[in-house]
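Here is how the chains run, residue by residue.
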Amino acid sequence: MKHTLLLLCLAVPSAALAQIDALENPGSVSAIQERAFRMSHELTLGVGSLPLDAFYKGFFAQVSYTYHFTDSFAWQVGRGGYSYSLKTGLREQLEKDFGVIPTVFEEVQYMVGSDLLWKPFYGKAAVLNTSVIYFETHLLAGATVFKFTNGFKPALNLGLGFRIFQNKVISYRLDITDNIVFSLQQKPFNVMSIQLMLALNFGATE
Amino acid sequence: MKQLSVLMAAALAFAPMALAAAAPAGSAVDPVTGEATQGKPKDAAAAPAAATSTAKPGAPAEAAPAAAPQKVDPKLFDQALQDYFGGSPKEAAAKLFTFTENVPATDENYAWAQFFLAKSLIDLGLRHAGAVYLARIARERTNPAVLPKALAELQTLTDLPHDERMIDEQVFGALDLGFLPEDIAGYAHYQQGLVDLKVGNERWANTHFAKLVPGSPEHSRAKYALLVTRLKTNKKDLPKEMIDEFFELAKDHNLTLDARNDAMLAVARLRYEQKDYAGALQAYDLVKLPALDPGRATLYLEEAWTRYQLGQIHAAMGILTTLDAPSFRDEFLPDKYILRAFVYRDLCHYLPAKRAAKELTRRFADSLETLRERDDLTQDPRLRRAASSHGQTKRAERFLNSVELEGERLGRYAGTFGERFFSYLTRLYDLARAEAMRVFQQRLEESVREEADKLLRAAEQVRLMEYEVGLKLYERIKKGSKLVVNIEEAALEPNQVAFRFKEEYWNDELRSYRFSLKSRCIEETAQ
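As you go down the protein sequences, you meet chains A and B in turn.
Every letter in the first sequence is one number past the one before it in our numbering, and letter 25, counting from 1, is 25.
Every letter in the second sequence is one number past the one before it in our numbering, and letter 246, counting from 1, is 1246.
Be aware that one or more of the hints could be misleading.
[Claimed, not checked] Where chain B lies over chain A, by a calculated footprint (3+ residues, C-beta under 8 Å):
id	segment
1	33 to 41
2	125 to 139
[Said to hold, decoys possible] For lysine-lysine, the following DSSO-like pairs were computed, each having C-alpha atoms within a straight-line distance of at most 27 Å:
id	chain 1	residue 1	chain 2	residue 2
3	B	1288	A	124
4	A	168	B	1288
5	B	1075	B	1090
6	B	1275	B	1454
7	B	1090	B	1071
8	B	1198	B	1251
9	A	87	A	147
10	B	1288	B	1251
11	B	1502	A	119
12	B	1518	B	1502
13	B	1502	A	124
14	A	87	A	187
Read the hints as simulated data drawn from the structure, not as lab findings.
Note that the Cβ used here is the ideal one computed from N, Cα and C, for glycine as well.
Please work from the sequences and hints to get the whole structure.
What follows is the structure, given as structure tokens:
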């Protein structure tokens, strides 16, 4: 009881202080602006890498189309990419010194997929106190089908992305996703992708 | 001591005679004032002045010794041009000065030398000195080929702080217009029309303005000047067509953005005067600001009043938040506090209303004290800043600052220019600074009174507000009083985003603030 009273005594002055400010300057102020950048039909051209595999590094190019239902929800209807692999030193060593056959190593050759995008964050930032840039952050979830050297495999794709707007048509998008690949022969494994895209927006309303 | 005074007297008596004999016949013009010295040697006239301006007390002997007459090598002009086009205006200026000082005005290169001397000085950041030489070319007219070029350079200089009397009035305002190329003649006609308008002779101004090519920038500016003059002279009976004319001008891309915005502001103000608040608001919305430009405080305040008159008190209060931004912290806007008090009063927040009104007397306490004590108003920092923030006073202050800056910059060239040239320029800048200061003080005294009147009117409003709020605070609620309908705040539309204001101002948001406060009038009247 004593403790409760003590806590109350300590809490009341801070509440009173807050009230003084509210009494002196009642009301609140917000900047209400037209949303400067709104997406509609988005076509992206991107390049990226698959950096996670220790035996090869994939470098891929990808094309995608996204339809934005609202300012906060979109569907990446389709995406397709072709990957070019570069062997790592480890793999070369294994092949050369230990005679491991190259077909043992699974490599991503190409992939197709589709995702849903949720875009809860939209904001702006001051650049060197001289200009303003607008950005958007999204979370995405979807499915991918990979063509590995040994066959097709499905995957669950989860990730997040960041977009910077240049103007109403052009924006730049960075997506970092992780594909959880399912296979009958082995345990699920991850294919991570980092991708930078040039996004072209068509049909956006002012 | 006696010997020294005898020597000085002798020197003063003989030096002019010797120099007069040596000076070239045609060069009898003072490069500082531009006046003919009637055969008097320039050095004799200039040296004592230079001595008074540059020499320290107690060291008169060091000041400007009389220069011996020089025979100028005709190649000096070519060398100077080589220096100028070779990117060394400093060396070029010194040579060109020597050349102009030692050849007669009838020399074929005399005017060209003046022209390139002016150009060199402008390149060195000594714009006023350059303008003086260009103005001399315009006055002397020794070479018809140089004149249009000099006038074109002068016209360019008018975009920056400049000596309005020397360039606008004495050169362009007094030019013989018959021989000039079309573009220069257009500008000169415009300036001469302006001079006529200033002295209240609209008919004469119209004869000049009628000669301007329709569609030219000067034509548009002349129309604007005419409309503004009519607005000033016929404040009571304004024809409605004037609003349309201002509106047309606001869309005229021959005018600068500032002038177009001024025209649109004039439309808004005229509509406000006619109580067409919706129309006024439309006009305020049409004022175009460059990206991230904070805009003008007066624009915001006027828009806030217009919105208040339209009953958009939350929007009006939002704009008042804009006026608290650091960009406008030094603005002199006594009305801001009154309007804020009105908004709080209308929402039945009486204590904040009283506090907002009292803020004016607190903020401007020093200025009000200066007024009460009948002190010199020009010494009050707030009133002084307010008075020199716009119009003629602002221009005069900018010119004064520019002359002071150039005067300081001149010191860098003391070694290169040589003693005579440096002394001339020092004297020139001393005279220009003194004149600029006189003009600024004269204009400041006039405009500071206007600002003081504005402050006194606002202080009077504060007293009325305090009285009114006092009455409201202790007003008894009558039985059966009806509820006041709360003013609905506009909901956020799907294409809008809201950034909560947290004491950080963003230039791109300055026109978008919206205030939110529930009216307490319901509760009070419902009791």
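If any of the earlier hints don't hold here, list their numbers in rising order.
The structure conflicts with no hint, since it agrees with every one listed earlier.
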